[in-house]
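Student: Sequence:
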Amino acid sequence: MYKGSVLWGKRIPLPLVKKTLSNGREIETFRDLPETMYGALLRSAEKNPDKCAIEDDLGRVFTYRELVKEVDLFAACLVHKFQMKKGDHVGLMLYGSSEFGIAFLALVKIGAVAVVLPTKYQEQEIDALVEHADLQYILCDTDFEEWFRKYKTLQIMSCKPQEGELVFHSLEDIEGQAVIDEQGGYEDPVVMMFTSGTTSQSKGVILTNYNFLHAAAAYQACFHITSDDSAVIPVPTYMITGLSALFGLFIYAGGTIYMHRFFKADKVLKCIQDKHVTFMHAAPTVYTLLLEEWNKFPKLPSLRCLACGGSRMQKEKIEKIHEWLPHCEFHTVYGMTETTSPGTILPENAIESKHMNSSGIPIPGLNYKIVDENGKELQAGETGEIMVSGANIMAGYYKMDSGLYQNWWLKTGDVGYFTDEGYCYVLDRKKDMINRGGEKITSIDVENVLYQIPGIAEAAVVGIPHKIYGETPVALIQLEKDISVSSKEITEYLKKKLAKYKIPSEIRFTEAIPLTPNGKIDKKKIRKIFIEEEKQETI
Numbered sequence: 001m002y003k004g005s006v007l008w009g010k011r012i013p014l015p016l017v018k019k020t021l022s023n024g025r026e027i028e029t030f031r032d033l034p035e036t037m038y039g040a041l042l043r044s045a046e047k048n049p050d051k052c053a054i055e056d057d058l059g060r061v062f063t064y065r066e067l068v069k070e071v072d073l074f075a076a077c078l079v080h081k082f083q084m085k086k087g088d089h090v091g092l093m094l095y096g097s098s099e100f101g102i103a104f105l106a107l108v109k110i111g112a113v114a115v116v117l118p119t120k121y122q123e124q125e126i127d128a129l130v131e132h133a134d135l136q137y138i139l140c141d142t143d144f145e146e147w148f149r150k151y152k153t154l155q156i157m158s159c160k161p162q163e164g165e166l167v168f169h170s171l172e173d174i175e176g177q178a179v180i181d182e183q184g185g186y187e188d189p190v191v192m193m194f195t196s197g198t199t200s201q202s203k204g205v206i207l208t209n210y211n212f213l214h215a216a217a218a219y220q221a222c223f224h225i226t227s228d229d230s231a232v233i234p235v236p237t238y239m240i241t242g243l244s245a246l247f248g249l250f251i252y253a254g255g256t257i258y259m260h261r262f263f264k265a266d267k268v269l270k271c272i273q274d275k276h277v278t279f280m281h282a283a284p285t286v287y288t289l290l291l292e293e294w295n296k297f298p299k300l301p302s303l304r305c306l307a308c309g310g311s312r313m314q315k316e317k318i319e320k321i322h323e324w325l326p327h328c329e330f331h332t333v334y335g336m337t338e339t340t341s342p343g344t345i346l347p348e349n350a351i352e353s354k355h356m357n358s359s360g361i362p363i364p365g366l367n368y369k370i371v372d373e374n375g376k377e378l379q380a381g382e383t384g385e386i387m388v389s390g391a392n393i394m395a396g397y398y399k400m401d402s403g404l405y406q407n408w409w410l411k412t413g414d415v416g417y418f419t420d421e422g423y424c425y426v427l428d429r430k431k432d433m434i435n436r437g438g439e440k441i442t443s444i445d446v447e448n449v450l451y452q453i454p455g456i457a458e459a460a461v462v463g464i465p466h467k468i469y470g471e472t473p474v475a476l477i478q479l480e481k482d483i484s485v486s487s488k489e490i491t492e493y494l495k496k497k498l499a500k501y502k503i504p505s506e507i508r509f510t511e512a513i514p515l516t517p518n519g520k521i522d523k524k525k526i527r528k529i530f531i532e533e534e535k536q537e538t539i
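Each residue of the sequence shown is one higher than the last, beginning at 1 in UniProt numbering.
Bear in mind the hints are in silico, worked out from the structure with no lab data behind them. Here the structure is a predicted model, which is why all the values come from computation and not from measurement. Any given hint could be a false lead.
[To be verified] In silico DSSO-like pairs for lysine-lysine, Cα to Cα no more than 27 Å straight-line: (1) K481 to K315; (2) K85 to K160; (3) K275 to K69; (4) K86 to K69; (5) K430 to K500; (6) K320 to K270; (7) K317 to K296; (8) K431 to K411; (9) K317 to K502; (10) K488 to K500; (11) K317 to K496; (12) K160 to K69; (13) K315 to K160; (14) K81 to K51; (15) K467 to K481; (16) K431 to K524; (17) K69 to K51; (18) K267 to K160.
[Stated by the list, open to error] Now the in silico label distances, taken between C-beta atoms and shown as ranges: (19) E26 to M400: 17 to 27 Å; (20) V61 to R304: 16 to 26 Å; (21) D401 to H224: 31 to 41 Å; (22) T153 to E533: 39 to 49 Å; (23) K467 to K296: 43 to 53 Å; (24) K431 to Q124: 21 to 31 Å; (25) I156 to D50: 29 to 39 Å.
For every residue, glycine included, the Cβ atom is placed at its ideal position computed from N, Cα and C.
Given these sequences and hints, build the entire structure.
Tutor: See the structure below:
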């Protein structure tokens with residue numbers, strides 16, 4: 001077993017305590033945490049009331065004192081005007097504006113569960129999530145209001161963020177409502193977020209106040225975040241990275257958050273440049289797009305720390321980012337919605353680490369182990385399924401007893417191994433391992449070599465059915481702008497680097513690699529593309 005408290009305890013002071021939850025679950029968490037994320041907001045406001053808490057891309061700025069006032073007003077309005085109460089399920093389908101942040105914190109105060117819905121989804125996809133989540137209310141952008149009219153028992157509140165005052169103020173008598181006492185508690189659920197499978201298979205992950213608080217405290221300790229830091233959120237707030245690793249972290253730490261409704265690489269970089277942003281956390285795809293704007297923003301001296309999660313970051317991209325921003329540390333992160341974002345973090349600057357290709361070591365308060373097909377724990381260097389337990393692991397899946405828990409150990413579905421020093425190497429999703437005639441292929445092995453080829457921006461390798469071998473690897477490639485590379489050139493390069501059975505039997509090109517709403521490469525969709533096109537060719 002690999003204990004985060006031991007591995008990080010050698011590097012930084014860790015004020016950890018052991019707690020037993022009401023369900024008998026034992027956790028190791030940080031001392032003196034507030035009871036809720038609303039409590040974290042109050043603590044930050046008490047320390048720095050006049051510090052900027054949120055500034056959005058509509059030019060609206062809220063200090064911590066003002067943010068508390070807005071959250072209190074909106075929470076009171078929801079309770080008195082809309083009869084919302086603790087435990088109610090409230091859909092949030094808002095873009096990344098101040099309204100999203102205020103609504104989320106107001107729901108935490110009430111003790112309601114924020115069911116965060118992806119704004120990238122189409123109506124039919126949202127319908128499947130709404131039916132599963134048992135919503136009583138929906139708070140949405142007016143872009144989506146008509147989608148919810150068919151639900152007769154659903155109370156709808158819609159808004160369209162704009163320059164000027166908060167649109168919540170248009171709700172009748174919001175100023176006249178009596179401030180309510182906080183209803184939420186440490187173990188109460190605050191969020192339901194959906195995993196990135198198809199909508200019919202997406203699981204509703206239930207996360208509690210203590211999950212969010214521990215995740216925020218761990219990030220703060222590992223990245224040395226203080227109230228002097230600031231962050232831009234370059235990913236949607238319906239993703240766990242946006243909601244926990246950025247919004248939750250900076251409310252907890254008392255820093256400044258810059259919120260954007262939509263991602264545009266040049267807009268994010270201009271914000272970093274003009275607002276002297278110090279920290280950013282994003283997926284590899286975001287960094288790929290930011291690198292394309294390198295020439296427009298050659299120097300960003302305020303940035304001190306970058307984090308990357310969602311999927312594995314290629315060595316070549318890390319080296320490019322270091323060339324661009326040599327003063328800035330880069331840390332890889334491995335986590336999932338079920339871990340409230342952080343699982344492992346690379347403790348040292350990636351460019352200086354012999355473990356650059358790893359996902360780092362377990363965060364304080366989390367424990368990891370590797371097991372074989374029979375559940376037997378494996379030793380360092382042995383490959384198997386990654387399992388995790390600890391303080392920021394979800395309470396469970398909504399309306400599901402999936403059997404993923406074994407004595408509070410969660411099966412991640414990922415395959416990898418740990419080194420003697422406690423560094424985690426994630427090789428593949430268990431379901432994405434390719435079995436070609438009995439020979440196992442991890443897609444990451446092939447993708448790593450593909451990224452060595454100049455001009456390849458993104459690459460995804462999947463297995464598709466084969467009449468003789470059972471499965472065969474295929475590759476989907478996204479090239480950099482104005483670059484031309486042929487499939488023949490790619491194959492010739494791979495022949496020099498890989499065993500013959502690992503070389504993709506087919507290579508196709510695309511303008512953009514498909515992504516899930518959570519920002520990960522959508523291998524299921526890619527697999528479907530190859531299979532359907534193959535069927536068309538045989539007709």
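Student: Each of the hints needs a verdict: does it hold here or not?
Tutor: Here is what the structure says about each hint:
Only pairs whose Cα atoms come within 27 Å are accepted, and K481 paired with K315 is accepted, the gap being roughly 20 Å. Distance restraint check for K85 and K160: the Cα-Cα separation of roughly 25 Å lies within the 27 Å cut-off, and the hinted pair is therefore satisfied. Note on K275 and K69: the hinted pairing holds, with a Cα-Cα distance of about 25 Å set against a maximum of 27 Å. Between K86 and K69, the direct Cα distance comes to roughly 20 Å. Compliance with the 27 Å bound is thereby established for this hinted pair.
A distance of roughly 22 Å separates the Cα atoms of K430 and K500; the hinted pair therefore holds under the 27 Å criterion. For the hint linking K320 to K270, the alpha-carbon distance of about 20 Å falls within 27 Å, and the restraint holds. Annotation: proposed proximity of K317 to K296 holds, straight-line Cα distance about 18 Å (limit 27 Å). Simply put, K431 and K411 have alpha-carbon atoms about 13 Å apart, close enough for the 27 Å limit, and the pair holds.
As the CA atoms of K317 and K502 are separated by approximately 23 Å, the hinted pair is consistent with the 27 Å bound. Taking the CA atoms of K488 and K500, the gap is about 15 Å. The hint holds against a cut of 27 Å. For the given pair, K317 sits about 22 Å from K496 by alpha-carbon distance, which is consistent with the 27 Å threshold. Between K160 and K69, the direct Cα distance comes to roughly 21 Å. Compliance with the 27 Å bound is thereby established for this hinted pair.
The hinted pair formed by K315 and K160 fails the criterion: a straight-line CA distance of about 41 Å is larger than 27 Å. This hinted pair does not check out: K81 and K51 have alpha carbons roughly 31 Å apart, beyond 27 Å. With a C-alpha separation of about 37 Å, the suggested pair K467 and K481 falls outside the 27 Å cut-off, and the hint is violated. As the CA atoms of K431 and K524 are separated by approximately 10 Å, the hinted pair is consistent with the 27 Å bound.
In summary, the hint linking K69 to K51 is supported, as the alpha carbons are separated by about 14 Å, within the 27 Å threshold. Proximity of K267 to K160 is assessed by CA-CA distance (about 21 Å); at most 27 Å being required, the pair is judged to hold. Range check, E26 to M400: Cβ separation about 23 Å, and the 17 to 27 Å hint holds. The hinted window of 16 to 26 Å between V61 and R304 holds, with their beta carbons roughly 23 Å apart.
The supplied range of 31 to 41 Å is met by D401 and H224, whose beta-carbon atoms lie about 40 Å from each other. Between T153 and E533 the Cβ separation comes to about 43 Å, which falls inside the hinted range of 39 to 49 Å. At roughly 50 Å, the beta-carbon separation of K467 and K296 lies within the given 43 to 53 Å, and the hint holds. The hinted window of 21 to 31 Å between K431 and Q124 holds, with their beta carbons roughly 24 Å apart.
Distance hint check: the CB atoms of I156 and D50 are about 36 Å apart, consistent with the given range 29 to 39 Å.
The structure fails hints 13, 14 and 15 (numbered hints given earlier, in ascending order).
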